[in-house]
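Chain residues, written in single-letter form:
Protein chains: 2
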Amino acid sequence: MTISKKIEDIISRASFIRKMFEEGAQMKAEYGPENVYDFSLGNPNLPPPEKFNEILRDTVDSCGLGDHCYMPNTGYPMVCGSVADYLAQEQKAPVTDKEVMMTCGASGALNVALKTILDPGDEVLTPAPCFVEYKFYADNHGGVLKTVPTKPDFQLDLDAMSAAINPNTKAVLINSPNNPTGQVYPEKDLLALGELLEKKGQEYNRTIYLISDEPYRKIVYDGVEVPSIFTSYKNSIIGTSYSKDISIPGERIGFIAVNPAATYKNDLISGMAVANRILGFVNAPALMQRVVACMQGLSVEISDYARKRDMLCEGLAGFGYDFIKPPGTFYLFPRSPIPDDIEFVNALKEQKILVVPGTGFDGPGHFRIAFCVDDEVIKNSMPGFKKAIEKYR
Amino acid sequence: MTISKKIEDIISRASFIRKMFEEGAQMKAEYGPENVYDFSLGNPNLPPPEKFNEILRDTVDSCGLGDHCYMPNTGYPMVCGSVADYLAQEQKAPVTDKEVMMTCGASGALNVALKTILDPGDEVLTPAPCFVEYKFYADNHGGVLKTVPTKPDFQLDLDAMSAAINPNTKAVLINSPNNPTGQVYPEKDLLALGELLEKKGQEYNRTIYLISDEPYRKIVYDGVEVPSIFTSYKNSIIGTSYSKDISIPGERIGFIAVNPAATYKNDLISGMAVANRILGFVNAPALMQRVVACMQGLSVEISDYARKRDMLCEGLAGFGYDFIKPPGTFYLFPRSPIPDDIEFVNALKEQKILVVPGTGFDGPGHFRIAFCVDDEVIKNSMPGFKKAIEKYR
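Respectively, the protein sequence lines represent chains G and A. Under the numbering used here, residues 1 to 393 are what the first sequence spells out, in order. Under the numbering used here, residues 1001 to 1393 are what the second sequence spells out, in order.
Here chain G stands alone, though its shape is the one from the complex (with noise of 0.2 Å):
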């Protein structure tokens, strides 16, 4: 008895994604990195935009005594009135910094919303394939998270949505565009959904959250939109990040944002002050926030993932890869040639090409590709991915 059984059981259940890390680092020590065809990291490969460096600057210059204090557990307010002043107008709802929070990053985001509503056995909802580390979010504050099945193209189902609501249920938790699958919620099934939990809670007598993970929102190809979650559903919950638009994930700003026509909005509000601080974030980074409310609506070259993603999918599909072209985001999610996704990994990663197996998010045999990544990886590795699925015909 040393450390927690559950954290020793994460780590013993991780020991394969450990491994094949491990194997890529001692691939890329024995044949050089640019022999080696990483695709198993969704971190960001584009630079900032321009601006972020001047930005940066800018703030540093300007720093007074105290802008690296403390500020209040949710923000400053004016940075959360710019966070809100930008979302009013994307989410078409009046949102004000009274319903804004400033997090570290949208895993921060989600970990407080979900400490702020969930009582022990509280069950969450997510479509699947989904993020692997929803499970442990649910769990870190009692609750519990059951997956439900999407259709064929990873679009949401709502019969089978609607199936698993039980009096349990707490909050549905979305996450378009979709890590794994790419996939974007049109707004039809969106108000469904909305729907669907307005008429559930009353059922149930309990108010049933949407909590809307949408880091990848700004990702999207070929005109996509991404639709309003506050119109959709008025108990609503986005939580969020810098770290992929803006390419800056590892400095953890990101938001909450609560529907300003929440039921229990001001509860929600005090709940996640309280959670961020107790929870051991306080607030989110002090810099950091001054230079994200000066960055409303940026976002990297959106084009650049477009040419990778048109790149990769020209060349997999004239390999017979089966996909769906993502709408969204930078992952690819193809169907194994194979039932057996990890043996399929194992046979690209003698291609020296790494993925991630489907079964890691819930989503048996696919495998991800993660394309944010040099022009060059991609086209390197096309007579890799030719050899892999040739291997099985």
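Since the hints were derived computationally from the structure, they do not count as laboratory data. All values derive from a computational prediction rather than experimental measurement. Note that CB positions come from ideal geometry on N, CA and C, so glycine has one too. Errors might be hidden in some of the hints.
[Said to hold, decoys possible] Here are the simulated lysine-lysine pairs, BS3-like style, with alpha carbons at most 25 Å apart: (1) Lys146/G to Lys1005/A; (2) Lys135/G to Lys1005/A; (3) Lys325/G to Lys19/G; (4) Lys5/G to Lys1200/A.
[To be verified] Simulated restraints on C-beta separations: (5) Ala25/G to Lys1005/A: 20 to 30 Å; (6) Met78/G to Leu1191/A: 31 to 41 Å; (7) Tyr1204/A to Asn168/G: 34 to 44 Å; (8) Pro72/G to Asp1375/A: 23 to 33 Å; (9) Lys1005/A to Lys19/G: 37 to 47 Å; (10) Arg206/G to Glu1022/A: 41 to 51 Å; (11) Tyr1204/A to Tyr31/G: 48 to 58 Å; (12) Cys1294/A to Tyr70/G: 18 to 28 Å; (13) Ala317/G to Cys1294/A: 41 to 51 Å; (14) Met311/G to Asp1058/A: 50 to 60 Å; (15) Tyr1392/A to Ile11/G: 51 to 61 Å; (16) Met311/G to Lys1005/A: 16 to 26 Å.
Based on the hints, put chain A in the right spot on chain G.
Below, chain A without anything else, positioned relative to chain G:
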């Protein structure tokens, strides 16, 4: 049923403090902020060391592609190495980068450490008076905080500690220099505590960790030295931050260090990397990691706090207040002239002086004065302190 019962409960219990803050804000609006003497918050008022701005600018200027991206969850190895080099000297122990993890401040560090070690129902013991948030930190991760009395001078009472340790004890959490008392534990007491934990651990056949929360380590006076934790007890963990000694609490940067001699060192470090990730911190803010790597050993001008302490102590002693002159921190924790500290805090409020009742720190019959304020505030508050104590003569 809208938000978690626990969070609802915390909000309603905090109503006294919230009321105090609201009244304080109202008083400042009514009488002018310069006529309200606010000693309620531990928000450092000294500027960061002069070198800080230069290092921050240099760090920003040298930022390359990828410098705001994800790094290992434990932090940049170079930064951990820089912290370890300094710690090795301070702690007189062979600390390396492998035993250090960068965190979002000390609150983040303590939450990560507790998440890593606590199983449901495990107890964490802490000497009282203590920082009010500890009980939430333990509870966040299924643990229970139990307070242990200290001696009248707020030094460790090892008999009381020995009596409190039981088969559920997983950790003892100490904070020296202490918030709210300002007390510093001498080496002989730490060695005796280490022996006690070793003995009790053998008796109950489990590892009992010593967690040292030490953000005030550098804020000490009159040549006082804060002893090494790592030479006091082998299964020890330091959780701390640069918030107070560099005056950057809003930037959320600190670290955990595990004793290189700890029995389960590798499990602890692997577990902490997982806990840091799944709690949503993911990693400490990237830019500030690189900044503090260059700030090792630096601190604000401690003599400024010493001057404030002396002014305050001299004044209050003259009026008949009873207190331990604090060897460290920027807190003074006088005895309330009447048993009911909340009543006395209200009497001070009539004099436009804002302090926190000791009851909030499990130290009833006392009150906390945070003297990290301008000298003028201390000077101008003196007549009010005099009048308040005279009311009860």
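Against the structure, the hints come out as follows:
1. Lys146/G to Lys1005/A: Judged against 25 Å, a Cα distance of about 22 Å means the pair holds.
2. Lys135/G to Lys1005/A: holds, 21 Å
3. Lys325/G to Lys19/G: Roughly 30 Å between the alpha carbons, so the hint for Lys325/G and Lys19/G is violated.
4. Lys5/G to Lys1200/A: With Cα atoms ~22 Å apart, Lys5/G and Lys1200/A stay inside 25 Å; holds.
5. Ala25/G to Lys1005/A: 20 to 30 Å: violated, 46 Å
6. Met78/G to Leu1191/A: 31 to 41 Å: violated, 50 Å
7. Tyr1204/A to Asn168/G: 34 to 44 Å: holds, 37 Å
8. Pro72/G to Asp1375/A: 23 to 33 Å: Holds - the Cβ-Cβ distance for Pro72/G and Asp1375/A, about 26 Å, lies within 23 to 33 Å.
9. Lys1005/A to Lys19/G: 37 to 47 Å: Given about 41 Å between the Cβ atoms, the range holds.
10. Arg206/G to Glu1022/A: 41 to 51 Å: violated, 31 Å
11. Tyr1204/A to Tyr31/G: 48 to 58 Å: holds, 51 Å
12. Cys1294/A to Tyr70/G: 18 to 28 Å: Roughly 23 Å apart at Cβ, these two residues keep to the hinted range, so it holds.
13. Ala317/G to Cys1294/A: 41 to 51 Å: holds, 50 Å
14. Met311/G to Asp1058/A: 50 to 60 Å: Taking Cβ atoms as reference, Met311/G and Asp1058/A lie about 38 Å apart, which means the hint is violated.
15. Tyr1392/A to Ile11/G: 51 to 61 Å: Roughly 57 Å apart at Cβ, these two residues keep to the hinted range, so it holds.
16. Met311/G to Lys1005/A: 16 to 26 Å: For Lys1005/A against Met311/G, whose Cβ atoms are near 52 Å apart, the range 16 to 26 Å is violated.
Comparing the model with each numbered hint stated earlier shows that hints 3, 5, 6, 10, 14, 16 do not hold.
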